[in-house]
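2 protein chains.
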Amino acid sequence: MIHLSTADPGTGRRDADATKEMILRAARTMLARRSYTDITLKAVAEQAGVSAPLVVKYFGTKEQLFARLLTFEADAEALLDAPLDELGRHMVVHALTRQSEQRGDPVLRIVFAPLHSGHGDTLRANFQSQVVSRLARRLSGADAAVRAELAVGMLLGLGVMYGIARGDAVRAATIADLADRYSPAIQELITGGDVGGR
Amino acid sequence: MIHLSTADPGTGRRDADATKEMILRAARTMLARRSYTDITLKAVAEQAGVSAPLVVKYFGTKEQLFARLLTFEADAEALLDAPLDELGRHMVVHALTRQSEQRGDPVLRIVFAPLHSGHGDTLRANFQSQVVSRLARRLSGADAAVRAELAVGMLLGLGVMYGIARGDAVRAATIADLADRYSPAIQELITGGDVGGR
Numbered sequence: 001m002i003h004l005s006t007a008d009p010g011t012g013r014r015d016a017d018a019t020k021e022m023i024l025r026a027a028r029t030m031l032a033r034r035s036y037t038d039i040t041l042k043a044v045a046e047q048a049g050v051s052a053p054l055v056v057k058y059f060g061t062k063e064q065l066f067a068r069l070l071t072f073e074a075d076a077e078a079l080l081d082a083p084l085d086e087l088g089r090h091m092v093v094h095a096l097t098r099q100s101e102q103r104g105d106p107v108l109r110i111v112f113a114p115l116h117s118g119h120g121d122t123l124r125a126n127f128q129s130q131v132v133s134r135l136a137r138r139l140s141g142a143d144a145a146v147r148a149e150l151a152v153g154m155l156l157g158l159g160v161m162y163g164i165a166r167g168d169a170v171r172a173a174t175i176a177d178l179a180d181r182y183s184p185a186i187q188e189l190i191t192g193g194d195v196g197g198r
Numbered sequence: 001m002i003h004l005s006t007a008d009p010g011t012g013r014r015d016a017d018a019t020k021e022m023i024l025r026a027a028r029t030m031l032a033r034r035s036y037t038d039i040t041l042k043a044v045a046e047q048a049g050v051s052a053p054l055v056v057k058y059f060g061t062k063e064q065l066f067a068r069l070l071t072f073e074a075d076a077e078a079l080l081d082a083p084l085d086e087l088g089r090h091m092v093v094h095a096l097t098r099q100s101e102q103r104g105d106p107v108l109r110i111v112f113a114p115l116h117s118g119h120g121d122t123l124r125a126n127f128q129s130q131v132v133s134r135l136a137r138r139l140s141g142a143d144a145a146v147r148a149e150l151a152v153g154m155l156l157g158l159g160v161m162y163g164i165a166r167g168d169a170v171r172a173a174t175i176a177d178l179a180d181r182y183s184p185a186i187q188e189l190i191t192g193g194d195v196g197g198r
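Chains as they are written, first to last, in full-length UniProt numbering: chain A, 1 to 198; chain B, 1 to 198.
So that you can see chain A by itself, here it is in the shape it has in the complex (with noise of 0.2 angstroms):
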């Protein structure tokens, strides 16, 4: 998942990519329990367990680092690359992959949306623009818009069930498994015809 130029610069690279991840996880935890004024880059890498230059030093100022927290363009890009006919399995795959291999999934940030204070509307702003309406632009047919949004909708479902839930027997399945049964709903947003009778 960690994606190398070459395979020779390795351990140094993935360390540093491992503690820039460690650090957005901290700035991730505190925006989620107190306000953004209240959080000093300081307080952020103790949180993180490095020293408040390194935080600079990889991500500027506060405002640089939190920026980062509230935007969705790369993980859309890669959520949503793929030909629309397979799109609805590439996301569930996607989505999977990435919360079993790194406990987690960037666009389900739009779930603590709510406790972000001030920096919700930014955050569901992000989100419609950067996720949804890239996918609604791609999209042919009647009422683009609201099939993207319930796309989305299902996609984050099935996150909240897999990665918050817990749900047992989803944890238990495969990832080929759970796209069998899961993706041709997605799909049938993005490709299908008119569904308003179905």
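None of these hints come from the bench; they were simulated from the model.
As the structure is a computational prediction, the values presented were derived from the model and not from experiment.
Possibly wrong hints are sitting among the right ones.
Chain A is faced by these chain B residues, among others (derived, beta-carbon under 10 angstroms) [stated by the list, open to error]:
(1) Ala-82
(2) Asp-177
(3) Ile-186
(4) Leu-189
Derived CB-CB ranges, DEER-like [as the list claims (entries may be wrong)]:
(5) A:Tyr-58 to B:Pro-83: 54 to 64 angstroms
(6) B:Glu-86 to A:Glu-21: 20 to 30 angstroms
(7) A:Pro-53 to B:Ser-51: 46 to 56 angstroms
(8) B:Thr-174 to A:Glu-46: 21 to 31 angstroms
(9) A:Thr-191 to B:Arg-138: 24 to 34 angstroms
(10) A:Val-56 to B:Glu-21: 38 to 48 angstroms
(11) A:Leu-54 to B:Glu-86: 51 to 61 angstroms
(12) A:Arg-138 to B:Gly-192: 26 to 36 angstroms
(13) B:Thr-37 to A:Glu-21: 22 to 32 angstroms
(14) A:Arg-138 to B:Gln-47: 39 to 49 angstroms
(15) B:Arg-14 to A:Lys-57: 51 to 61 angstroms
(16) B:Gln-47 to A:Tyr-58: 34 to 44 angstroms
All residues carry an ideal CB built from backbone N, CA and C; glycine is no exception.
Fit chain B to the given chain A structure using the hints.
Only chain B this time, still in chain A's reference frame:
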């Protein structure tokens, strides 16, 4: 949405119900933001804008108040109160009606499990036994457990998109339209045959 036994005792009963709902909401909010041990009944009362004795009158001890937040018993009964062959649509209509009338669906509380520190696992266990397993027991055919988890997950996803991400298109749609588009997939998990291959 508030059930009055007769039209008569109207206002008083409605006020009491509204006050109870405010107290529960205050307790929920606090539980999502700090640890259980740090919360006092007095602080919940302050957050709700009522007196501590009133909280005690309505809910008893702090333990009894918070036990109410960690159970899904009554919510699950209402959510699953339909014949099996109409259950998918009933679940969608029920959840969206709760959301639009009460600005929140109690079943969606599971989403905040990661923030309830020690109580997250209690919330998850209750969700599993009171909601998911309750549905699974009614399903016939193979793999009832995984189908029930996926059906409930799908429903949660709609709630997340509607009430948390606040998608413009789903919020502009009617509940009937959303039910037409979304519930067939939930119904398929509930009463569909082997969907492995689709």
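Hints and how they fare:
no. : hint                                       : in the structure
1   : Ala-82                                     : violated (18 angstroms)
2   : Asp-177                                    : holds (7 angstroms)
3   : Ile-186                                    : holds (8 angstroms)
4   : Leu-189                                    : holds (7 angstroms)
5   : A:Tyr-58 to B:Pro-83: 54 to 64 angstroms   : holds (56 angstroms)
6   : B:Glu-86 to A:Glu-21: 20 to 30 angstroms   : violated (46 angstroms)
7   : A:Pro-53 to B:Ser-51: 46 to 56 angstroms   : holds (50 angstroms)
8   : B:Thr-174 to A:Glu-46: 21 to 31 angstroms  : violated (50 angstroms)
9   : A:Thr-191 to B:Arg-138: 24 to 34 angstroms : holds (32 angstroms)
10  : A:Val-56 to B:Glu-21: 38 to 48 angstroms   : holds (46 angstroms)
11  : A:Leu-54 to B:Glu-86: 51 to 61 angstroms   : holds (57 angstroms)
12  : A:Arg-138 to B:Gly-192: 26 to 36 angstroms : holds (28 angstroms)
13  : B:Thr-37 to A:Glu-21: 22 to 32 angstroms   : holds (30 angstroms)
14  : A:Arg-138 to B:Gln-47: 39 to 49 angstroms  : holds (44 angstroms)
15  : B:Arg-14 to A:Lys-57: 51 to 61 angstroms   : holds (58 angstroms)
16  : B:Gln-47 to A:Tyr-58: 34 to 44 angstroms   : holds (37 angstroms)
In summary, the numbered hints that this structure violates are 1, 6, 8.
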